[in-house]
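Trainee: Listed below, chain by chain, are the residues.
Protein chains: 2
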Amino acid sequence: MSELIPQLRSIVGDQGVVTGSDLHQRACSYWDPSPLHAKALVRPRSTDEVSQVLRLCHELGQPIVTHGGLTGVVDGTVVSEDELVLSLERMTAIEEIDPVGRTAIVQAGAVLQTVQEAVVEHDLYFPLDLGARGSCTIGGNVATNAGGINVIRYGMMRELVLGLEAVMADGTIISSMNRMLKNNAGYDLKQLFIGTEGTLGIVTRAVLKLKEAPASHNTAMVALESFESVAQLLKFMERKLAGHLSAYEVMWRDYFQAVTEPGWHRAPMGRDYPFYVVMEANGADAEADAAQFMIALEEAIESGMAVDAVIPKSVSERDALWAIREDFEAITEVNPTFLYDVSLPIVHMDEYIQQVETSLARRWPQGKCYVLGHIGDGNLHLFVSPGFGDSNLHPQADQDVYEPLIKYGGSVSAEHGIGLEKRGWLGSSRSDPEMELMRLLKRTLDPKNLLNPGKIFEL
Amino acid sequence: MSELIPQLRSIVGDQGVVTGSDLHQRACSYWDPSPLHAKALVRPRSTDEVSQVLRLCHELGQPIVTHGGLTGVVDGTVVSEDELVLSLERMTAIEEIDPVGRTAIVQAGAVLQTVQEAVVEHDLYFPLDLGARGSCTIGGNVATNAGGINVIRYGMMRELVLGLEAVMADGTIISSMNRMLKNNAGYDLKQLFIGTEGTLGIVTRAVLKLKEAPASHNTAMVALESFESVAQLLKFMERKLAGHLSAYEVMWRDYFQAVTEPGWHRAPMGRDYPFYVVMEANGADAEADAAQFMIALEEAIESGMAVDAVIPKSVSERDALWAIREDFEAITEVNPTFLYDVSLPIVHMDEYIQQVETSLARRWPQGKCYVLGHIGDGNLHLFVSPGFGDSNLHPQADQDVYEPLIKYGGSVSAEHGIGLEKRGWLGSSRSDPEMELMRLLKRTLDPKNLLNPGKIFEL
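Chains as they are written, first to last, in our numbering: chain A, -5 to 453; chain B, -5 to 453.
Next comes chain A alone, as it looks inside the complex:
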């Protein structure tokens, strides 16, 4: 320790190293307000400083946990007293926006929403969007391969990153700052750092793929009688709005009822339908797109796929519809409530949810299970409340949620990652040879096991 701290200070300056009470004034995460404990927190100002810090840590065998916006939900940024925290909070620059090539070059500490807003000034659009937009960072989005609400049209973060700069465990800088949609000059090394949760390198800069800003936004909430209709309507809208459908968010009845209880959100339609969908389409022509959207909805209702629909007449009405989907505090204020993020093919979803609900009801008759999902992405979120007890019950809920996924080829993590929380279940989604290959990559690229050690899997 006596060796580490002064050397860190000599690399990043006195302001760049946080220890003691200054450190404890920081929270562990967005969700966990308890004081942060670690050997120190280091705040480099450049890729070169990150490289020097890592080289030093490599020499000293010092493990490192990288911190971004700390909005992750799988204990991917948990730190022990022996670990050093590396924060990208002083690397937040938006270095360049190219309106012709439609790219943005940003430092990893930049907050997602800041990037979204900066590109709008150039009539461009960065489509990654998720609830944590105001806090999460581009580096964290890369490291966790963030998903969110627009994946159905624009893909995950992986599809939105053209180039990347990262620092490896020994301090080597891998700069692959490609700006083109097409580049097959050798291995696509950036893939090593996308979605690997900081275990193979620390992302320092990225080249993001932008789109022209859409000129029209059409939103609706519809009610449906069955999951079959939910799946049919998705296909129907995809076809009718070819390429324009950007979000298709499904809420099961229990979820909808919970968040529209008195004191929470106003229900814009009856509260007893089995399913609700919030959908959105982005296009180019306000008038023509609105007409096309309306015609598609009318057809959906005439054919019986949808049984009710609400179209917002103002931005605030639109925001109110989205709030029902995005603000689930009515659910999470109950303790304990366990949040899940799984994926499986759409054809199995209905059966899967029925099975989970049956198991949970048998286990905890007074419990609740609230479901919503980006079904076009194969992605469901479940909130499980046993109705009593505490976090000790988590493993039992895990079993009911994760075990039935196996037979459907599902995944224990759709978009949240693995961190520490899901580590014990990773093997149910991945085969032994896959696990071995992951470990081989980790041992090869981080032979001293210094980068976010223990996260995703144990070596």
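Some hints could be false.
No copy labels: a pair is met if it fits in one copy or bridges any two.
What the hints assert, rightly or not - Cut-off 30 Å, straight-line C-alpha distance, at most; resulting in silico cross-link-like pairs (DSS-like, lysine-lysine):
no.	residue 1	residue 2
1	K401	K205
2	K205	K442
3	K205	K229
4	K401	K307
No lab work stands behind these hints, which were simulated from the structure alone.
Fit chain B to the supplied structure of chain A, relying on the hints for placement.
Mentor: Okay, now just chain B, sitting in the frame of chain A:
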């Protein structure tokens, strides 16, 4: 050899091993009709057989070159007498098409066009498309991260593969046959096998991402006065057709004139414009989309971005426009003609091409340089004809084409890969640490250097 062949026969059957004159009756590639020479060609029927073959080769230290459709253009499938060819030609099944999840599970030997046509029967669409569609295989498309004409909207092959099965050098089967858009359960191992040209594993099956079949297709050829207009019009059409523009193919004047010489294609408009673009949009509503497309084109002409436009009135007229872009035999029948595939940011393209043309004109005053490109992807193709000589002149052309890319952050391969042909220039697009990391991956995953050895880089 005496040991290898009988053991191969015992794995794949007598029909599965081709040697001697049967082997020599095969051509080296789509482009090179000379007889194939190799130790043998093995044709496994299943992933398990591929695994057994690789395990055997690993024991014997036998190097392997994988063959797909053999339409590659960078000497990525060249075989020496000491090497074994592994062909996926008996693994061509389309195993499953899921219209709800919009996925297809196919074996790696399936031909791209066969897959395209099979999914159409389910009103679905597989958007990867390139000139070699009738011969190239899905495995080859994965191994080379194929691009083509629809990347601007749908991405490269990498973006169209949800899951993958591959066999590693020691015979280990890595089965990551994910079917969901979202799956963050650990490292995304399939990335190791996409675009690595068969050097890290042999792809045996894939889960492909499909789209709903578009109901409308609008095509136009336009003429433009400057590259600035070409770049402006791309942005303009992207905005006006938000999400519907699927192709934007640019031809420089020399290219257009060469392929519309008497005896070749009929020019649908004047032949003296500096630039021509073939563009296409796919949508959902034949009437509304056609109107929107027409309005956008009219605006483009009124504002001066485009100076002439032709809209095909029939499928055969549409095909005739596309043939100008896709059939460049008028150029390649001249020997020698060197084909290039580079990428660089759009903002630098005009200057780059002028520079290349100047260098080439100085070097070979009687030579020609024909340029076309998927500029939205950053991708240009150049055909360089010195006007005399033979393939010995290739290195000189390489220098004029590749060297100026360096200062623009360009790439010596946009979509064709590296193979043997571009190996010497890879270092101009990638840094030393990147090259070291590629070698580290290769040494780790293929420690005996048996999979397509020497391709992309030398160890």
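Trainee: Hint by hint, say whether it matches the structure.
Mentor: These are the hints, each one checked on the structure:
no., hint, result
1, K401 with K205, "between (38 Å within a copy, 26 Å between copies)"
2, K205 with K442, "neither (41 Å within a copy, 44 Å between copies)"
3, K205 with K229, "both (24 Å within a copy, 10 Å between copies)"
4, K401 with K307, "neither (44 Å within a copy, 51 Å between copies)"
Comparing the model with each numbered hint stated earlier shows that hints 2, 4 do not hold.
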